[in-house]
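*Asks:* Using the hints, put the two standalone chains together into the complex.
The listed protein sequences correspond, in order, to chains A and B. Each residue of the first sequence is one higher than the one before, starting from 1 at the first, in the UniProt record's numbering. Each residue of the second sequence is one higher than the one before, starting from 1 at the first, in the UniProt record's numbering.
Take these hints with a grain of salt, some might be off.
[As the list claims (entries may be wrong)] Sample of chain B residues at the chain A side, in silico, Cβ under 7 angstroms:
(1) 4
(2) 31
(3) 37
(4) 97
(5) 100
(6) 101
(7) 233
(8) 236
(9) 239
[Stated by the list, open to error] Computed Cβ-Cβ distance ranges for the label pairs, DEER-style:
(10) B:273 x A:71: 42 to 48 angstroms
(11) A:77 x B:17: 29 to 35 angstroms
(12) A:102 x B:184: 50 to 56 angstroms
(13) A:102 x B:24: 39 to 45 angstroms
(14) B:208 x A:84: 54 to 60 angstroms
(15) B:21 x A:100: 49 to 55 angstroms
(16) B:46 x A:100: 56 to 62 angstroms
(17) A:31 x B:5: 49 to 55 angstroms
(18) B:40 x A:102: 26 to 32 angstroms
Source of the hints: derived by calculation from the structure; they are not laboratory data. A quick note: this is a predicted structure, and the numbers were derived from the prediction, not measured. All C-beta atoms in this analysis are idealised placements derived from N, C-alpha and C, irrespective of residue type, glycine included.
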Amino acid sequence: MESHLTLRVDGEARSLTVDTRTTLLDALRDRLSVTSPKKGCDHGQCGACTVLLDGRRVLSCLILAVAHDGAQVTTAAGLAPEDGELHPLQRAFLDHDGFQCGYCTPGQICSAAGMLDEASAGHPSLVTPVADGDGRSDGHVRRGPAALGDDEIRERMSGNLCRCGAYVNIVAAIREVSAQ
Amino acid sequence: MIPFDYAPASDTDSAVATVTARPGAAFLGGGTNLVDHMKLGIASPDLLVDVTRLPLDAVEELPDGGLRIGATVRNSDLAANPLLRSRYPLLSHALLAGASGQLRNAATTAGNLLQRTRCSYFQDVTTPCNKREPGSGCAAIGGWNRYHAVLGASEHCIAVHPSDMAVAMSAADAVVTVLGEEGERRVPLGEFYRLPGDTPQYDTNLAHGELITSVELPPLPAGARSGYRKVRDRASFAFALVSAAAVLVTDGGHVREARIAFGGLAHKPWRATHAEEALRGAVLGEEAFRLAADAELRYGQPLPGNAFKIPMARNALAALLRELAFVEERR
Ligand SMILES: Cc1cc2nc3c(=O)[nH]c(=O)nc-3n(C[C@H](O)[C@H](O)[C@H](O)COP(=O)(O)OP(=O)(O)OC[C@H]3O[C@@H](n4cnc5c(N)ncnc54)[C@H](O)[C@@H]3O)c2cc1C
Ligand code: SF4
Ligand code: FES
Ligand code: FES
Chain A
1 MESHLTLRVD
11 GEARSLTVDT
21 RTTLLDALRD
31 RLSVTSPKKG
41 CDHGQCGACT
51 VLLDGRRVLS
61 CLILAVAHDG
71 AQVTTAAGLA
81 PEDGELHPLQ
91 RAFLDHDGFQ
101 CGYCTPGQIC
111 SAAGMLDEAS
121 AGHPSLVTPV
131 ADGDGRSDGH
141 VRRGPAALGD
151 DEIRERMSGN
161 LCRCGAYVNI
171 VAAIREVSAQ
Chain B
1 MIPFDYAPAS
11 DTDSAVATVT
21 ARPGAAFLGG
31 GTNLVDHMKL
41 GIASPDLLVD
51 VTRLPLDAVE
61 ELPDGGLRIG
71 ATVRNSDLAA
81 NPLLRSRYPL
91 LSHALLAGAS
101 GQLRNAATTA
111 GNLLQRTRCS
121 YFQDVTTPCN
131 KREPGSGCAA
141 IGGWNRYHAV
151 LGASEHCIAV
161 HPSDMAVAMS
171 AADAVVTVLG
181 EEGERRVPLG
191 EFYRLPGDTP
201 QYDTNLAHGE
211 LITSVELPPL
221 PAGARSGYRK
231 VRDRASFAFA
241 LVSAAAVLVT
251 DGGHVREARI
261 AFGGLAHKPW
271 RATHAEEALR
281 GAVLGEEAFR
291 LAADAELRYG
301 QPLPGNAFKI
311 PMARNALAAL
321 LRELAFVEER
331 R
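Extracted from the complex, chain B is given alone in its bound form (with noise of 0.2 angstroms):
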């Protein structure tokens, strides 16, 4: 790990003022993965902007009934919080689903937004990666990418975004506030992500410097019921596999509205929009549910390696949907 300066920071502007000016400086969330990226050599900051002690740790109810999250509210308090969890299971879930009791009580709002792919040639400093390294090419095409993707993948990179709370806001179409030093910015989680094309080094549209204050969730429709399934090579502590989150509103056994993202599939949190197209007045069943999933995956591109994730797809989110709209009192 080379040296580096640390400064708490004592209020937004001046954290986003210092860290633009500095390309080296980073700020520093619970440190979860940064900390690690560290150690790993994939990060060098040579200063730590501190943003944990900033007043950005309230989850506040909002007017019309949604919530304002602030950007440094630990993971497990937001799973925890009682309004998230009545109000947005889905998003409960896919944060319980994540990490463990111990990381979920460091990391933060922002700090999994951005938390970086978990490739493990990106994680290994010895092999080529376009992502840490660009134009050193992709050990990932043609070595191991049993978790890599099979949507929206470019030639340069097939990594995927591994957070669970990010694949869940985006079936909740949930607002990242950014605050630049032109001032704040409202960013829709789909425009937050990008694919990786032929600038994988980029996850994100966010700019050197720009600081995460908080996401805002509109309400879900009324009388929508929501939900998260991950599946994984374990049945805790691990990365997903492949995972789906959905907000499903039904009328006299049709679907009148169907929001839905994927997790472990691209480059970010895929936001379903064919199978929702498909989904829209489907007569509420097995057959609507696998016909909106294909509606989706049929644009995907596995590799030997990962194709058992375009079944594996289908059937998790056939089970949620299945789950929503027919099990009464889900657990």
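Isolated chain A (complex conformation) (with noise of 0.2 angstroms):
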């Protein structure tokens, strides 16, 4: 079955019709060439499709195209300010050596991008400790930290797999971010 929609995919208005069965990341790449989002497993397994729909990080090849008509998608490419210009993230990644081969790369920066954001926002992750009060009615509970360490920056990007392993220097770029 057929459906029209219209994506705005990395600042543009893109207007396509699309099979239902399409994914919001096969829509990207093979409808509007947009190939930035990479297909890693095609099944939530390893991140590389990561983009932002209306500023929330996603995986993209479990996502129905036809359910995010109007929809704001920022993938890596789309990131940076103004052309020619690196956003701090892909800044830090080339900085700090943050990748080998690449294919995971634009789904690490775009997962970290929205990370960032959700530890601002006081969303907590599985190592945020609670202040105090944990398990009483009365808790108070202490809003995001400022910036993450090692820690939190591992345990919020366990979606993002990197066969190549620079796991290291992906953290080292973001903790660099994180702190600015």
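*Replies:* Shown next, in the form of structure tokens:
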């Protein structure tokens, strides 16, 4: 079954007609030639297809395009503020050698961008301490950490696998941006 | 994937009517399980009714101090909700221990409850599986069953339920609100899931077309501490081998009340009533924690591939209770 929709991809309105079976990832790559998000596993297990959908990081391989008519999609290629400039995360990945083959990198960078926003909005991770009153009904809950430690970065980025094992440098790159 | 129609639900009643009337229709939440199953050929709905735009995305405080969680609240938003985090640490912890940041941003409360087993044979349409294809056999019995059930399994299916969230909800005495053509009904989580028996194709007691609208949590007892502990093959982004959720109320060195559920052991979150009974009134300490775990796990019927789950579950529960009883400020 065909369906017509418009997506705002990296700031540009794009209209297309898709079969309802088309994932957001396939719509981007095969229909709109936006090849920044990568297909690693196609089953939600690797993070290579991560994009920001209306500002939140999601896996585009498990999302049906038809369900997101009118949405804003940001890929790693569209993160930079202006043409020719690099986003701080892109700069940091270069400076810290945060990749080897580069296949996981657009997903890592989108995921890191979404993750830093989550952290500054106070979203906890599994390793975030509850300041006090844990388990008690009057408990006050601490807001998100200002700069993320390595444990926080690793836990929050665990949905992005890197077959080349560039993790140490990926963490270093994200740590630098998170401290800014 | 077979072709299908897509329709966003405009209101809950018509969503229920549409899916009830069409045997091949399914509700679509975040899609992180259903879309995967459609790709794998496990599910082949001919109509998806998208429920994510229904006004079911609120977390509301109930007059008695409990919470009502809307069916479409995303797992990440729920885990970060300050009321949930302060009043139900076990649930916030369980949510954050599940999946990844990207998946939790899409996954919904209802979809998480209804996610299906990760049994590798269930996911592989070339192998026999009674849950996927009733009567075809069970490839996991006598196959690779490291992740499978040690409690409540049957000769037809030994799968486990994979949700972390549901285990914490079980220990918290959650009640699922369901809308059907006949109106609304409230299903305690203990009656929501079922054991496989000779009909493993059914994970729950929901009828086709019934829509989950919310999950209600009664307040935990005054002074209760609660937590979740998950054991897995890697430190993050992996399903549980074993997990435990507990609510503990103590009184001068004794247990006043305990509510305990295990994950990774059975076809449903396993409410450990024998362990709860064994703990009531016991002197807080390692001996009581281990005896309580044994009171439940002695009913275990492990297979050669998963016998390790018995000591692992015992240790996980004892460690969790120790933490709740003795560690003043847990993380
Ligand atoms: C790689 C990977 C790792 C994961 N790791 C974990 C983990 O460690 N722990 C864990 O707990 N989970 C894990 N998950 C599973 C994840 O939590 C579930 O996929 C998710 O919670 C499902 O929610 P959803 O909204 O996307 O459901 P959907 O895929 O949209 O739906 C799932 C089912 O629920 C039905 N449904 C949806 N909404 C309703 C409703 N309102 N009423 C009635 N029926 C409804 C659908 O028809 C479908 O049958 C993992 C998933 C992946 C892909
Ligand atoms: S354990 Fe259950 S889900 Fe797995 S193969 Fe056997 S019948 Fe299928
Ligand atoms: S391609 Fe989407 S998670 Fe691997
Ligand atoms: S750089 Fe090669 S997969 Fe990460």
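*Asks:* Honestly, do residue 40 (chain B) and residue 102 (chain A) meet the 26 to 32 angstroms range at C-beta?
*Replies:* For residue 40 (chain B) and residue 102 (chain A) the Cβ distance comes to about 29 angstroms; the hint holds.
*Asks:* Given a cut of 7 angstroms on the nearest C-beta pair, is the interface hint for residue 101 (chain B) held or broken against chain A?
*Replies:* Residue 101 (chain B) check passes; min Cβ-Cβ to chain A is 6 angstroms, inside 7 angstroms.
*Asks:* Hint validation: residue 236 (chain B) versus chain A, beta carbon distance must be below 7 angstroms. Holds or violated?
*Replies:* holds, 4 angstroms
*Asks:* Closer than 7 angstroms between Cβ atoms is the bar; does residue 233 (chain B) clear it against chain A? Give me holds or violated.
*Replies:* violated, 13 angstroms
*Asks:* Please test the hint of 49 to 55 angstroms on the beta carbon pair from residue 21 (chain B) and residue 100 (chain A).
*Replies:* holds, 54 angstroms
*Asks:* For the pair residue 273 (chain B) and residue 71 (chain A), does the Cβ-Cβ distance stay inside 42 to 48 angstroms?
*Replies:* Roughly 46 angstroms apart at Cβ, these two residues keep to the hinted range, so it holds.
*Asks:* Is 54 to 60 angstroms respected by the C-beta to C-beta distance linking residue 208 (chain B) and residue 84 (chain A)?
*Replies:* holds, 55 angstroms
*Asks:* Under the criterion of a CB-CB separation shorter than 7 angstroms, is residue 37 (chain B) in contact with chain A as hinted?
*Replies:* violated, 10 angstroms
*Asks:* Are residue 31 (chain A) and residue 5 (chain B) spaced within 49 to 55 angstroms by their CB atoms?
*Replies:* Since residue 31 (chain A) and residue 5 (chain B) have Cβ atoms about 20 angstroms apart, the given range 49 to 55 angstroms is violated.
*Asks:* Per the hint of 56 to 62 angstroms, is the separation of the Cβ atoms of residue 46 (chain B) and residue 100 (chain A) within bounds?
*Replies:* Cβ of residue 46 (chain B) to Cβ of residue 100 (chain A): about 44 angstroms, so the range 56 to 62 angstroms is violated.
*Asks:* Would the hint on residue 4 (chain B) stand, with a C-beta cut-off of 7 angstroms toward chain A?
*Replies:* holds, 6 angstroms
*Asks:* Regarding the hint that residue 100 (chain B) lies at the interface with chain A, is the smallest CB-CB distance below 7 angstroms?
*Replies:* holds, 2 angstroms
Of the hints listed earlier, those the structure fails to meet are numbers 3, 7, 9, 11, 16 and 17, in rising order.
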